[in-house]
Amino acid sequence: MNILVVLRMIPDSAGELQLAEDGRGIDREWLDFQLNDFDDHALEEAILLKEAGGATVTAVAIGEGANRVLQMAAARGADEVIALQAEDDAMISSRTIAATIAATARDKSADLILCGVQSTEDVFGQLAPYVGAMLDWPHVSGTNRVVADGAGLRVTQERGAGVAVTYEMTLPAVLGVQTASKAPRYVSGSKLREASKTPIGRAALEPSGFERSAEIRELRLPAQGGSGEDLGNDAENVADRLVTILAVNGLTANGLARK
Amino acid sequence: MTGWRARHYVSALANAPKAARFDRPMRRLEGVATAIGLHRKMLRKPLAGVLHAIIFISFFVLFTATIEAFGSRLFPGFSLTPVGGETWIAILQDTFAVLMLVGVGLALYQRYVLRPARFKGSSGSDAAIIYVLIVLIVASLLFEAAARILGGADGSWRPVASVLAGLLGRAGVPAQETQEICYWLHVGAILAFLVYIPGSKHRHMFLAAPNIYFRNLEPRGTAPAVPRERENPGVDTLAQFDWKQQLDLLSCTECGRCQAVCPAYAAGLPLSPKMLITDMRDALAAGPSAPPLVGGIISEATLWACTTCRACMEECPVEIEHLPKIIDMRRHLVDEGRVSPGLQDALSNLTRLGNSMGKPSKMRARWTGELGFPVKDARSEPVDVLWFVGDYASYDPRVQEITRKVAELLSAAGVDFGILFDAERNSGNDVRRAGEEGLFETLAQSNIDAIGECTFNRIMTTDPHSLNALKNDYRHFGAAFEVLHYTALLAELIKAGKLDLVAVDGGKVTYHDPCYLGRYNGGFDAPRDLIRAAGYTLHDMPRCRENSFCCGAGGGRIWQGDDGVTERPSENRIREALSLGDIDYFVVACPKDKVMYTAAIDALGVADKLKVLDIAELLVPRTPPPREPVTSGVDII
Ligand code: SF4
Ligand code: SF4
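Top to bottom, those sequences are chains A and B.
Going by numbering that gives the first Met the number 0, the first residue of the first sequence is number 0, and it counts up by one from there.
Going by numbering that gives the first Met the number 0, the first residue of the second sequence is number 0, and it counts up by one from there.
Some hints could be false.
Claimed, not checked - To spell it out: a stretch of chain A is covered by chain B in this simulated footprint if at least three of its residues, at any positions, have a beta carbon under 8 Å from a beta carbon of chain B; those stretches are:
no. : stretch
1   : 5-16
2   : 23-35
3   : 179-185
4   : 190-200
No lab work stands behind these hints, which were simulated from the structure alone.
Virtual Cβ for every residue (Gly too), placed ideally from N, Cα, C.
Construct the entire structure; sequences and hints are all you get.
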């Protein structure tokens, strides 16, 4: 099995987001970037498949900090790592990523592509279906268990309310991973240091060939409305304020009793 | 036979990796002399110390009797009489035989009547067999002498034996035969004793001195580096431990002193430092048939329970090193990725962002925003004091208030200081002790590089953990900084008359010695001086200074869950403070402590009785902080 994993770097949500000057994007210059969590699970699933029955895993990363994440992927067991060259300061659309991944998959004769089910820059989870469509391969998203089964796969997809569906798929295929069969493992610093010597391949982005169907006009930070109140971050005062507010609104035990 | 019984151990030690423990012989001998000659650590427990000293001295005196017993029959004509064997040596033997019995009596009283909890898990039969053998040896010795006196020998130098001779005479036993029986009883018991020793904890009679001699003389705060010749960072078989670590296992006396002070053990976690040692010792004896070390003989839960407080090592009378073993085995777990989810989160955050909280580096210096004056960026201008702030003091909103207090105090005292802003990373102290050596190296190197870019005279830390790493662990990379804790700097400023305090008529307070400030780095007095200088009366808890009881946060414990904890160490400690009576404040000198103990007080519901304050919060400078830090009067080189 030849597995290709997509690793997308996304802005760290713990950081402070600021708008770009044109108001049509976020200012990416001062942001920290981190690996999309779902992609981390996709990588783990790929490594688990490799450990269970043998496979070659190629990790392709895109965005700022890609090299660091690729070293981590190598330390976890990826056989080949490739960084996609992109302009750092722009968000890359899932269509473009999909076209590039499809091309890389052909190039590497991959027969299974794993990526995270969604990311903060792909909230609709379009990447996996796009790649599937471009390659004309079957696709399942929202997986939480993937097991190699003869020449194919048994893929479990999570649906709401505790319902899960298991598909039997033949390869090639594209999967949007929600959670890996096991939580992503920890890689120790010494393994990371060893992996820092892994050569990182380069590849250029492929144009998607699609017309742009829509454009962002304006982004806005959430406005501070009159309905909320910032109580600060000092636990003692916050607690006091909270109790007072509840009492004033008759929501404490005493208050309720009075009502 | 004794040699046969010791063969496993001898071959294990002979094949073990090397350890550099042969330097500084005079200092090593001196340590042996105080530890054994003065029973320094033993006497911390008065009854046990005294009874052990009695048995110990008696043992040496009675050894002369052993020499006589064997010498007289092996070499015809051998006798100690010419050097006083029948005069002063005789009276010494006579007296110390009785003292030995007194010592054993006290030991029996301690073990079977007082029954201290520290013996829980120690081998009871081992102790009992030894008591019986000693009593047998001493009794046969006395009765043999008595029988000799009965047979006409001079009893004037053996008063006790003479009394016994009288008793024997009245009982009408035959002198010659009794003497012969007692002699063989004596010799037989001694031989049994010798044969028994190699398989028992009484090996310590021979191994305590060498184990103390070969003790670690490096600074307490330096965790042992991974030896270059080791393939993986960790240890997962006993044979990978160097010979000193293995000798440790054989030297344990099962006294349980380590267990009695262990916060993890007290918290109900599956870790007893004593059993950690004895379990590995038994596995060493079992040889290849023993189960795997990590996860087998020593469970993962045991390894993760340790707070690295170092109380066990401080207490151990034979200088056994528990922590290097725990850290080495943790290194193995980390290398295999076997870490709890909490720890994994923290370590991943540290890898990614350089702090355990998962906050961006750019927010590290945010606490300076609410300060009335700007803080210098030590990367761009020279400073006298480079302040290494630390994660909790920088990011935790509960601690930032204290961080600002410290800044104000420094400013009031006219100290020229600066910080590293977003170039600071977690010091790696607890990362290293959690077994993550690779990440520790990355963090340390990054800090050393950042510090190397600055011009300064000294480094000050808020956090005792950072203090320890910068001062001791960074030596590993050849970085020798002068590092001091903020309490030391503030005490120095007060003494030099640079910091003038408004002394209040404060109430009674108690003070908690943080492990990494006190036990690890000897910072006991500066915090106490500050408390007094601020006008408060200090009332120490029973467990203070070297014997301080850990808050439970160290060594990466703060990143792990509380599963299996029956009583949190921090709550145990707050109870101790409450038992002092009328204490107003529980004073701390470590950012983590403010967090840990405030939570403990809330959990115990005693917020009305006790409040946690950092030392910095007690100190009120007389001059209000100026808008700009004063830079005069400080030489910058
Ligand atoms: S270092 Fe502290 S927690 Fe760890 S075993 Fe020793 S006494 Fe227990
Ligand atoms: S390790 Fe030291 S303190 Fe602990 S039981 Fe053994 S000898 Fe006593």
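Comparing the hints with the structure gives:
Counting residues of the stretch 5-16 of chain A whose C-beta lies closer than 8 Å to any C-beta of chain B gives 4; at least three are required, and the coverage claim holds. Proximity of the stretch 23-35 of chain A to chain B, defined as three or more residues with a beta carbon under 8 Å from a beta carbon of that chain, is established by the 3 residues found. For the stretch 179-185 of chain A, the stated coverage by chain B holds: 3 residues have a C-beta nearer than 8 Å to a C-beta of that chain, and at least 3 were required. By the rule of at least three residues with a Cβ nearer than 8 Å to a Cβ of chain B, the coverage given for the stretch 190-200 of chain A holds, with 3 such residues.
Violated hints: none; the structure is consistent with every hint.
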